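Participant: Here is what each chain is made of, one letter per residue.
There are 2 protein chains.
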Amino acid sequence: MTKIAVCVCSGGIDSTIAATIASHEGYELHFFHASYGQRAEDREKETVKKIARYLGAKDLKLAEIPFLKELGGSALTDIKREVPVAEEVNLDVEKETPSTWVPCRNLILLAHASAYAEVIGAEALSVGFNAEEARSYPDNELEFVKRYNVVLEKAVASFSQPPVVKAPLVQLLKPAIIKKGVEVEAPLHLTYSCYFGEEKHCGICESCLHRRRGFKDAGVEDPTEYMH
Amino acid sequence: MTKIAVCVCSGGIDSTIAATIASHEGYELHFFHASYGQRAEDREKETVKKIARYLGAKDLKLAEIPFLKELGGSALTDIKREVPVAEEVNLDVEKETPSTWVPCRNLILLAHASAYAEVIGAEALSVGFNAEEARSYPDNELEFVKRYNVVLEKAVASFSQPPVVKAPLVQLLKPAIIKKGVEVEAPLHLTYSCYFGEEKHCGICESCLHRRRGFKDAGVEDPTEYMH
Numbered sequence: 000m001t002k003i004a005v006c007v008c009s010g011g012i013d014s015t016i017a018a019t020i021a022s023h024e025g026y027e028l029h030f031f032h033a034s035y036g037q038r039a040e041d042r043e044k045e046t047v048k049k050i051a052r053y054l055g056a057k058d059l060k061l062a063e064i065p066f067l068k069e070l071g072g073s074a075l076t077d078i079k080r081e082v083p084v085a086e087e088v089n090l091d092v093e094k095e096t097p098s099t100w101v102p103c104r105n106l107i108l109l110a111h112a113s114a115y116a117e118v119i120g121a122e123a124l125s126v127g128f129n130a131e132e133a134r135s136y137p138d139n140e141l142e143f144v145k146r147y148n149v150v151l152e153k154a155v156a157s158f159s160q161p162p163v164v165k166a167p168l169v170q171l172l173k174p175a176i177i178k179k180g181v182e183v184e185a186p187l188h189l190t191y192s193c194y195f196g197e198e199k200h201c202g203i204c205e206s207c208l209h210r211r212r213g214f215k216d217a218g219v220e221d222p223t224e225y226m227h
Numbered sequence: 000m001t002k003i004a005v006c007v008c009s010g011g012i013d014s015t016i017a018a019t020i021a022s023h024e025g026y027e028l029h030f031f032h033a034s035y036g037q038r039a040e041d042r043e044k045e046t047v048k049k050i051a052r053y054l055g056a057k058d059l060k061l062a063e064i065p066f067l068k069e070l071g072g073s074a075l076t077d078i079k080r081e082v083p084v085a086e087e088v089n090l091d092v093e094k095e096t097p098s099t100w101v102p103c104r105n106l107i108l109l110a111h112a113s114a115y116a117e118v119i120g121a122e123a124l125s126v127g128f129n130a131e132e133a134r135s136y137p138d139n140e141l142e143f144v145k146r147y148n149v150v151l152e153k154a155v156a157s158f159s160q161p162p163v164v165k166a167p168l169v170q171l172l173k174p175a176i177i178k179k180g181v182e183v184e185a186p187l188h189l190t191y192s193c194y195f196g197e198e199k200h201c202g203i204c205e206s207c208l209h210r211r212r213g214f215k216d217a218g219v220e221d222p223t224e225y226m227h
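Chains as they are written, first to last, in numbering that gives the first Met the number 0: chain A, 0 to 227; chain B, 0 to 227.
To be clear, the hints were calculated from the coordinates, so they are not data collected in a lab. Among the hints, erroneous ones may be present.
Below, in silico cross-link-like pairs of lysine to any residue (SDA-like), each with a Cα-Cα straight-line distance of 25 Å or less [as the list claims (entries may be wrong)]:
no., chain 1, residue 1, chain 2, residue 2
1, B, K94, A, E69
2, A, K68, B, K68
3, B, K44, A, E63
4, B, K68, A, A175
5, B, K49, B, K145
6, A, K48, A, K178
7, B, K215, B, D91
8, B, K145, B, K215
A short list of chain B residues far from chain A (calculated; beta carbon distances all over 10 Å) [what the hints assert, rightly or not]:
no., residue
9, L59
10, V84
11, N89
12, L90
13, E142
14, K153
15, Q170
16, E182
17, H188
18, G218
Here are a few chain B residues that face chain A, going by a calculated C-beta distance under 10 Å [claimed, not checked]:
no., residue
19, L54
20, G55
21, A56
22, D58
23, P97
24, N105
25, L108
26, H111
27, V144
28, V150
29, E152
30, S159
31, V163
Source: prediction; values computed, not measured. Cβ atoms here follow ideal geometry from the backbone N, Cα and C, with glycine treated the same way.
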């Protein structure tokens, strides 16, 4: 019987590698991308389409989550707030809520993806949560994943088999993730990480800085281009 | 210091009574309603506006959740599926997933309301989950609430105080809920429960049947009108 995974994918390296791993594990892939007003949403959608095609996905759902944009409260979704760049960025443990925090984002994203998984009878939800982002964002921690899986059992209908969130990178930092990506032959050349959504990576936002440092520390050449 | 509650409200009796209880407990009320493609969404919004005004709410957020409509899979959101009425309805324990089940609905709704709560610094989320609906819908059970509160601690930023879901009716069936509503002087005359969204209650859908039986068994006169 076909086993199905819903791959929550932003088009970045982590979620793309997680989806590649799910593919190797024999899942039929159904991609899920969410637009929640983030600056890069159009670029992300275009990227996720390419990645889904590359990995032979069976389907791709592009969800709109307008409430998060309306709510604001984040530099990623509120055009009036500045996204920190270069030396304004703190790549390690935060001392206050980062301006790029989007309230309850991963919970909202996973809840949507879980509804999709319930409807198509998916066994798994694949996510790119990882230890590097968990330094700033608790909704990337293993503990978040574990707790989410527990509530999910009660969030689906009594007669549905609850899907399980799989986060194969949850204990890894970027260099190990990138090495893993090379090992599983993930389409790193198609990935896009920048908060700004321009054609090339800006190279200086938090997300680009994590990416660059990860590739450098992994000793792997980044196949994508940077503006700075 | 002002303590704030986000009141998740459909305009039905349960969530309206829960909000009234939160008001008596001294919370400043911020109402939250979600449109997810349910047939009655316009009627619900109009109802919730009246209830929020009646209870002196500080604010009301009307969220759109278009993905649930797009996903379908429920008689409530898919116009091509029939909503069961009269003898087609099973008011007690279900033997299969009811056609009115909306995939992961309460998880998605609560995740949105939690983002709102995080942004405004609310301590509590008020919901009308109850034992009668929990017979058919596991996302109304006390166990769901408990598990949700556990994941919510990790779904908000590390420096945010996680809000707590309060479900004061979670152990009660409709007659006890209605008696409670009379006791706390909830605006039952403003509430609307029908799945169809017409001006008056249809009187024969699952939601109307629960309501009618509840009022009858509580020995309380329903101040609203029915078509059938």
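Participant: For every hint, state whether the structure bears it out.
Facilitator: Now for the hints, and whether the structure bears them out:
no. : hint              : result
1   : K94(B) / E69(A)   : violated, 40 Å
2   : K68(A) / K68(B)   : holds, 19 Å
3   : K44(B) / E63(A)   : holds, 21 Å
4   : K68(B) / A175(A)  : violated, 40 Å
5   : K49(B) / K145(B)  : violated, 30 Å
6   : K48(A) / K178(A)  : holds, 24 Å
7   : K215(B) / D91(B)  : holds, 16 Å
8   : K145(B) / K215(B) : violated, 31 Å
9   : L59               : holds, 13 Å
10  : V84               : holds, 21 Å
11  : N89               : holds, 13 Å
12  : L90               : holds, 16 Å
13  : E142              : violated, 6 Å
14  : K153              : violated, 4 Å
15  : Q170              : holds, 16 Å
16  : E182              : holds, 29 Å
17  : H188              : holds, 30 Å
18  : G218              : holds, 32 Å
19  : L54               : violated, 22 Å
20  : G55               : violated, 23 Å
21  : A56               : violated, 17 Å
22  : D58               : violated, 12 Å
23  : P97               : holds, 8 Å
24  : N105              : holds, 7 Å
25  : L108              : holds, 9 Å
26  : H111              : holds, 5 Å
27  : V144              : holds, 9 Å
28  : V150              : holds, 4 Å
29  : E152              : holds, 8 Å
30  : S159              : holds, 7 Å
31  : V163              : violated, 14 Å
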